[in-house]
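**Student:** Chains A and B, in that order, are what the protein sequence lines are.
Residue numbering for the first sequence follows the numbering used here, beginning at 3 and increasing consecutively.
Residue numbering for the second sequence follows the numbering used here, beginning at 3 and increasing consecutively.
Hints listed in this document are in silico derivations from the structure and should not be mistaken for laboratory results.
Incorrect hints may appear among the rest.
If chains are identical, the list can't say which one is meant, so a pair holds when it fits in one copy or spans any two.
30 Å max Cα-Cα, derived BS3-like pairs, lysine-lysine [what the hints assert, rightly or not]: (1) K78 with K132; (2) K135 with K196; (3) K78 with K117; (4) K198 with K132; (5) K196 with K45; (6) K132 with K55; (7) K78 with K135; (8) K198 with K78.
2 protein chains.
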Amino acid sequence: MARQDRAIRTRRVILEAAASVFDELGFDRATIAEILARAGVTKGALYFHFPSKEDLALAVLHEQVLDIAVRPQQIKLQEFVDAGQILAYRLRHDAIQRGAARLAIEQGSNHLDRKQSMSAWSSFVEGLLKEAKARGEVMESVNVRDTAELFVGAFAGLQMMSKAFSDQGDLSHRLTVFFEHTLPTIAVPAILAKLKLDPERGAQLDAELRSQADGEDADGGEDAAEAGAALLDAAP
Amino acid sequence: MARQDRAIRTRRVILEAAASVFDELGFDRATIAEILARAGVTKGALYFHFPSKEDLALAVLHEQVLDIAVRPQQIKLQEFVDAGQILAYRLRHDAIQRGAARLAIEQGSNHLDRKQSMSAWSSFVEGLLKEAKARGEVMESVNVRDTAELFVGAFAGLQMMSKAFSDQGDLSHRLTVFFEHTLPTIAVPAILAKLKLDPERGAQLDAELRSQADGEDADGGEDAAEAGAALLDAAP
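For reference, chain A alone in the conformation it holds in the complex:
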């Protein structure tokens, strides 16, 4: 493995270890010692990539945003539903998403910007809804900014509730209830009838995205990461 590839992989290993510690203990109780133990790297390697615990937390939040992605669908509004169902799936199975979710929710008076991921998500969802509206899929009465923020805020609470009651086991179901209750006031009837809301969709979409990302890596492509970076820049 080239030295650069190895550094990238070490960085990812450290980030996943840090995310799992943040997920379990929260920012305040997380220790560098515990992160080192889980990552199985030296102190020197960790500090080379991340000078402090705050840097680790910010990198986890940043990595989460880079991971935002949906597969293009014929109906744009389907991508809105899919973005939610993929995230619900990953909050159950992906260390980075789980750690970032807890960091984003904690209100600790440390210097982390907990608004970052909410702003990035709202902008991403607003973009999807705007395009869906331009295509005539969304009712004229919908204020896309308000609706995007409703989705992001409600999602944050539903995942918190699901975490408390079932460690995210019922999050996909809760999200489906949200969509069933809100889509009839968002989608025009002809589109509403065609949307796929089943809670199992998240697992399938996640698998498709992963195999797609592997293919791009082989080509040397970095489209997903570039889209994520553009998204971060677009956040207010």
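Knowing the structure of chain A, use the given hints to seat chain B on it.
**Tutor:** Chain B alone, transformed into the frame defined by chain A:
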């Protein structure tokens, strides 16, 4: 003032001071010293009522649940809307609600039961929706348990988002967006047309409830507290 009355007031003063410290610093960073300074009571008085910081936190969460109340309305579903708008108002203005909200959201590995307030709220809302359904106000297709939990989960996230972006300044608006998007799939059309969703309703309802409670205190009545206690018992 009789000795018992004085003890009740001292207890409330301590609870409000503790709630404001929990709201600002969170459970982990809150100190008994800071709570004593804000309450202006002696260490002995505080420990007489609350042997530990955990006892204080549990009492704040308990007090919040006792505070749940709505004024009876001709349309039962209006009480569902009102419960949300009163809480949104109190999260902006009431120390106990603000402190309890932060405690309920924090996932600290302390022994607080963060599910308590979510369970109590879900049961309360489910009761309102059940009665509304029995009166024919709610569509047959609605699963009242799912819908009650959607409301509680979404509310938790919306208040968290509002806290981060505007210190609860826009929570009533966010809640109105939630109701506008969900009530068309909950209420039958004739009821939907009559529901009052304006964000200013919270302030007015809070004032009415307070003057009502003062009247009951004068009568020696404790109906509201009894209803709250029953509600706690009913929580799973």
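**Student:** With reference to the structure, classify each hint as holding or not holding.
**Tutor:** Hints versus structure:
1. K78 with K132: within (10 Å within a copy, 36 Å between copies)
2. K135 with K196: both (16 Å within a copy, 29 Å between copies)
3. K78 with K117: within (26 Å within a copy, 36 Å between copies)
4. K198 with K132: Both: 20 Å inside a copy, 29 Å across copies.
5. K196 with K45: For K196 and K45, neither the intra-copy (53 Å) nor the inter-copy (64 Å) Cα distance is at most 30 Å.
6. K132 with K55: neither (38 Å within a copy, 48 Å between copies)
7. K78 with K135: within (9 Å within a copy, 35 Å between copies)
8. K198 with K78: within (12 Å within a copy, 33 Å between copies)
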